[in-house]
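Model the placement of chain B on the given structure of chain A, informed by the hints.
Chain residues, written in single-letter form:
2 protein chains.
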Amino acid sequence: MTLSLPITPRTKVRRAPQRGSHERAVIDAILDEALICHVAFASEHGPVVIPTTHVRLGDHLYIHGSAASHMLRSLAGGIEVSICVTLLDALVLARTAFHHSVNYRSVVMFGRAELVEDAASKLAALAALIDRVAPHRSTACRPPNAKELGATTVLGLPIIEASAKIRSGPPLPDEGEDRALPYWAGVIPLHTTRGTPITAPDCTLAWPG
Amino acid sequence: MTLSLPITPRTKVRRAPQRGSHERAVIDAILDEALICHVAFASEHGPVVIPTTHVRLGDHLYIHGSAASHMLRSLAGGIEVSICVTLLDALVLARTAFHHSVNYRSVVMFGRAELVEDAASKLAALAALIDRVAPHRSTACRPPNAKELGATTVLGLPIIEASAKIRSGPPLPDEGEDRALPYWAGVIPLHTTRGTPITAPDCTLAWPG
Numbered sequence: 013m014t015l016s017l018p019i020t021p022r023t024k025v026r027r028a029p030q031r032g033s034h035e036r037a038v039i040d041a042i043l044d045e046a047l048i049c050h051v052a053f054a055s056e057h058g059p060v061v062i063p064t065t066h067v068r069l070g071d072h073l074y075i076h077g078s079a080a081s082h083m084l085r086s087l088a089g090g091i092e093v094s095i096c097v098t099l100l101d102a103l104v105l106a107r108t109a110f111h112h113s114v115n116y117r118s119v120v121m122f123g124r125a126e127l128v129e130d131a132a133s134k135l136a137a138l139a140a141l142i143d144r145v146a147p148h149r150s151t152a153c154r155p156p157n158a159k160e161l162g163a164t165t166v167l168g169l170p171i172i173e174a175s176a177k178i179r180s181g182p183p184l185p186d187e188g189e190d191r192a193l194p195y196w197a198g199v200i201p202l203h204t205t206r207g208t209p210i211t212a213p214d215c216t217l218a219w220p221g
Numbered sequence: 013m014t015l016s017l018p019i020t021p022r023t024k025v026r027r028a029p030q031r032g033s034h035e036r037a038v039i040d041a042i043l044d045e046a047l048i049c050h051v052a053f054a055s056e057h058g059p060v061v062i063p064t065t066h067v068r069l070g071d072h073l074y075i076h077g078s079a080a081s082h083m084l085r086s087l088a089g090g091i092e093v094s095i096c097v098t099l100l101d102a103l104v105l106a107r108t109a110f111h112h113s114v115n116y117r118s119v120v121m122f123g124r125a126e127l128v129e130d131a132a133s134k135l136a137a138l139a140a141l142i143d144r145v146a147p148h149r150s151t152a153c154r155p156p157n158a159k160e161l162g163a164t165t166v167l168g169l170p171i172i173e174a175s176a177k178i179r180s181g182p183p184l185p186d187e188g189e190d191r192a193l194p195y196w197a198g199v200i201p202l203h204t205t206r207g208t209p210i211t212a213p214d215c216t217l218a219w220p221g
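For the protein sequence lines, the chains are A and B, in the order given. Its first residue numbered 13, the first sequence is counted upward by one per residue in the working numbering. Its first residue numbered 13, the second sequence is counted upward by one per residue in the working numbering.
In isolation and in its complexed conformation, chain A is listed as follows (with noise of 0.2 angstroms):
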């Protein structure tokens, strides 16, 4: 793995590049803990953003769907892609409309998906994904049957040209007069949680969790 990507003309971080990141570690630790991306891509009828699922696995993130799908059709023919990662970790009040901001953690990425083709590594890319549902998710549950795998895309986008981008810690300093205004300044920090499983209507088991 290399330890710091090539900084491209799409990559480089302009705005504030202090916040940029071409770290892999600092990229994948993004990738790895967001649930869901979205993807960008040109249509014929412009550019069009989708939310999905994805999961990393070594150098690639995955994303997948429907063979039916018109995004991953599009995306299976080898067209460029973006897709975004982003993480809102807290809320940003200064004591100027000016400095209120958020503190966030993102990737961008950009490159062409590879079309997953070989079973094996299809379903380790499929089990990859349901395991970041519940840990060992993959194993307690039924795996894809061939009909099912073959209704199935996996794209793997190879993560060669990417940022990172981190916004973190208090509200920039308000200066000169506007220091003693009358109004609080910090963050509020957001956080997600998981609820109580909902067992479904059909199930007689209880949640294992």
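Hints are not guaranteed to be accurate.
With a straight-line cut-off of 16 angstroms between C-alpha atoms, the simulated EDC-like cross-links for lysine to aspartate or glutamate are [unchecked claim]: (1) A:K159 with A:D130; (2) A:K24 with B:E56; (3) B:K24 with A:E187; (4) B:K159 with A:D101; (5) A:K159 with B:D190; (6) B:K159 with B:D190; (7) B:K24 with B:E35; (8) B:K159 with A:E187; (9) A:K159 with A:E129; (10) A:K159 with B:E187; (11) A:K24 with A:E35; (12) A:K24 with A:D130; (13) B:K24 with B:E173; (14) B:K159 with B:E129.
These aren't lab readings, by the way, just hints derived from the structure by calculation. All of these numbers come straight from a predicted model, not from anything done at the bench.
Structure of chain B alone, referenced to chain A:
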């Protein structure tokens, strides 16, 4: 306000159309709950997708950023844009790998963004953005001065061409032999919550909330 948007080639919901909606009430509720959106456009290097904050006011979705931002300058030129807003509500676990899914509410929009040029409209959009952080926060901080307003670009995308897509409820029922599989099925809700506010090091006031 149009109650239901016209269906165009790029807002027709092809996959799982029963999950789609073009009702403004459905679309607006999703836009209003989500704190960030993902903006896609064609750059000279291919498609790009970037996260940013947004607010809906009436029939427009507003985004903002530095007047020096490459994305905002590109979009202000009137190129086609696609904006996606996604709320991830739950993880969906079935007895079969194939029926695993997520519950979500998303909106995908298309069109050309308009530069908001007059100061009153710009201030209104920026105030609405800040009020999303905390109720009435825009009146509990110093509003933007002329210099700050000049350094900020605000763009509005009219809500003309958009669709919502929603998955909710339990997993699709597994069928036949799969029903007897000894695996739990159901959903794990996901919640986004606000944590305890953290006051900035240079602020002596207590959080007023």
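The hints, checked one at a time:
This hinted pair checks out: K159 (chain A) and D130 (chain A) have alpha carbons roughly 14 angstroms apart, not beyond 16 angstroms. Our distance criterion of 16 angstroms between C-alpha atoms is met by K24 (chain A) and E56 (chain B), whose separation comes to about 14 angstroms. Straight-line distance between C-alpha atoms of K24 (chain B) and E187 (chain A) comes to about 50 angstroms, which puts the hinted pair past the 16 angstroms bound. Of the supplied pair hints, the one linking K159 (chain B) and D101 (chain A) is violated, its CA atoms being roughly 29 angstroms apart against a limit of 16 angstroms.
About 14 angstroms separates the Cα atoms of K159 (chain A) and D190 (chain B), which keeps this hinted pair within 16 angstroms; it holds. A C-alpha spacing of about 65 angstroms is found between K159 (chain B) and D190 (chain B), which places the hinted pair above 16 angstroms, so the restraint is violated. Proximity of K24 (chain B) to E35 (chain B) is assessed by CA-CA distance (about 13 angstroms); at most 16 angstroms being required, the pair is judged to hold. For the proposed pair K159 (chain B) and E187 (chain A), the alpha carbon gap of about 15 angstroms is at most 16 angstroms, so the pair holds.
Under the criterion of a C-alpha separation no larger than 16 angstroms, the hint pairing K159 (chain A) with E129 (chain A) is consistent with the structure, at around 14 angstroms. Proposed proximity of K159 (chain A) and E187 (chain B) is supported: the alpha carbons are some 15 angstroms apart, at most 16 angstroms. Simply put, K24 (chain A) and E35 (chain A) have alpha-carbon atoms about 13 angstroms apart, close enough for the 16 angstroms limit, and the pair holds. With a CA separation close to 35 angstroms, the supplied pair K24 (chain A) and D130 (chain A) exceeds the 16 angstroms bound.
Restraint check for K24 (chain B) and E173 (chain B): satisfied, since their Cα atoms lie roughly 10 angstroms apart, inside the 16 angstroms limit. For the proposed pair K159 (chain B) and E129 (chain B), the alpha carbon gap of about 14 angstroms is at most 16 angstroms, so the pair holds.
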